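Undergrad: Build out the structure end to end from the sequences listed, making use of the hints.
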Amino acid sequence: MNEKIRQAIGDHARLGVDLDTLSDDADLYQAGMSSHASVNVMLALEDAFDIEFPDRMLTRTVFESIASIRAALTELQPSLAG
Amino acid sequence: MSIAVEREQELLEAVGTIAREVAAVNASAVDRDSRFPIETIDALRECGALSSVIPTELGGDGISFETIAQCCLELGRHCGASAMVFAMHQIQLLSIVRHYERGSWFEQYLRDQVSEQRLIASVTSEVGTGGDMGRSIAAVIDVDADTVRFEKQAPTVSYGAYAHDLLTTLRRSETAEPGDQVMALSSQEQTELEPTGTWDVLGMRGTCSPGCVVRATFPRRQVMAATPFSRVAAESMVPISHILWSHLWLGIAEDAFDRARSFVRASAKRRPGEPIPAAQRLSHVMSELSMLRAEVESARNGFVVASAQPGREELSTMASALRFNNLKIAASEHAADICRGALDVCGIVGFKNDTPFSVGRHLRDTMSAALMIANDRIHNTNASLLLIAKEI
Chain H
-15 MNEKIRQAIG
-5 DHARLGVDLD
5 TLSDDADLYQ
15 AGMSSHASVN
25 VMLALEDAFD
35 IEFPDRMLTR
45 TVFESIASIR
55 AALTELQPSL
65 AG
Chain Y
99 MSIAVEREQE
109 LLEAVGTIAR
119 EVAAVNASAV
129 DRDSRFPIET
139 IDALRECGAL
149 SSVIPTELGG
159 DGISFETIAQ
169 CCLELGRHCG
179 ASAMVFAMHQ
189 IQLLSIVRHY
199 ERGSWFEQYL
209 RDQVSEQRLI
219 ASVTSEVGTG
229 GDMGRSIAAV
239 IDVDADTVRF
249 EKQAPTVSYG
259 AYAHDLLTTL
269 RRSETAEPGD
279 QVMALSSQEQ
289 TELEPTGTWD
299 VLGMRGTCSP
309 GCVVRATFPR
319 RQVMAATPFS
329 RVAAESMVPI
339 SHILWSHLWL
349 GIAEDAFDRA
359 RSFVRASAKR
369 RPGEPIPAAQ
379 RLSHVMSELS
389 MLRAEVESAR
399 NGFVVASAQP
409 GREELSTMAS
419 ALRFNNLKIA
429 ASEHAADICR
439 GALDVCGIVG
449 FKNDTPFSVG
459 RHLRDTMSAA
469 LMIANDRIHN
479 TNASLLLIAK
489 EI
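If you read the protein sequences in the order shown, they are chains H and Y.
The first sequence runs -15 to 66 under the numbering used here.
The second sequence runs 99 to 490 under the numbering used here.
Keep in mind that the hints are not guaranteed to be accurate.
So the derived label-pair ranges between C-beta atoms look like this [stated by the list, open to error]:
#1 Q206(Y) with S7(H): 45 to 53 Å
#2 E36(H) with N451(Y): 28 to 36 Å
#3 D34(H) with G229(Y): 32 to 40 Å
#4 L484(Y) with P62(H): 47 to 55 Å
#5 A364(Y) with E36(H): 53 to 61 Å
Keep in mind that the hints were calculated from the coordinates and are not lab data.
Values in this document were obtained by computation on a predicted structure and should not be read as measured data.
Where a beta carbon is used, it is the ideal one built from N, C-alpha and C, also for glycine.
TA: Right under this line is the structure:
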């Protein structure tokens, strides 16, 4: 699961730093992800996991880090947790 | 009537009186000479209106957001530039009130504001960012352990020369990414404004907003480091800007409509019983005015409800960003259309600058609305958000 999340971020977040150096808890916005880029990350995640983020999840906090994205995805689809 | 309700009404009445007796009287001169509406702002300061939104626990009057919005509307009816200065001050102040940390320098600043009534301007836009308030080039630069400085190229700084304090957005540090921003508040004494242009413009001439290079050196505690600006922007600065601006644009449009209505009534009295073509045009303008009013009121009420929720979660959603972006686009377009409609009703006496039916200043002032955070730029943002937001 982490790999697919990192893939979406790597493809779309346009970070100012190397993604491999970032921990799961690192702040993606502080690492240079713009709001515009975050929309593309969300789209890529919806596609990769075949889910739809409801509006209440479309906030900055949910997409702040790999860990917070994982928590949101797990909440949407508990089967992904394993 | 409770004390709180009484205070709200007292403020509204005081600001209404200032709008009619001070702002209206000076509006033409402020516009013609492109000068700061000093009399209005001094009168607002004297009645405590520059701090009334500060909560009672910090010594303020705890005036509601609705009342502040209504004050913007009242001022807008009589002098657009005065209303814009008042609105911008409240936007800055509310951004601090809603996000300061307990025990921080900002808490004391708010307490002192009640007796000092300092006027706050902002330096949020920056040359080279393409109008994106969410990115900064200028950064907080360390001078020593307790002191920081910055230099920022600002394309416009509204009433900067008349403000006691400047609220500036900056990158958190010299190594921070453009989107990793914080707010800093520096006083006039700590700040140098070097104008890079003039302010000879079509409308909102009294806001005195030339471009400037802003340089400041000040204690580190005046940086609101604990709260990322992105959060302040989403929960407060952006929606509050759009709501308060919309209220004052509505005020300008209401006054233009009133002038058009007076014109039609005067015509009807002169030729009783004869058809008045302008009357039907006036009806069209009224339809547009009532739509604008409904949009402005519903957005304001939605914001107040969302602000009262724990954590203000709803304000961070994309649906919320879209809603307030749409308010800004709709209000800026409708207000200018209404003023244009009022001009059509009044004809040549509306076009002249010295009749009771003049609406030239109204039209010119509302034409600035589409440019303040350009509507095209907002459409661009919306287009991106629409790709992912679900409930619109």
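Undergrad: Go through the numbered hints given earlier and state which of them the structure violates, listing their numbers in rising order.
TA: 1, 2 and 4
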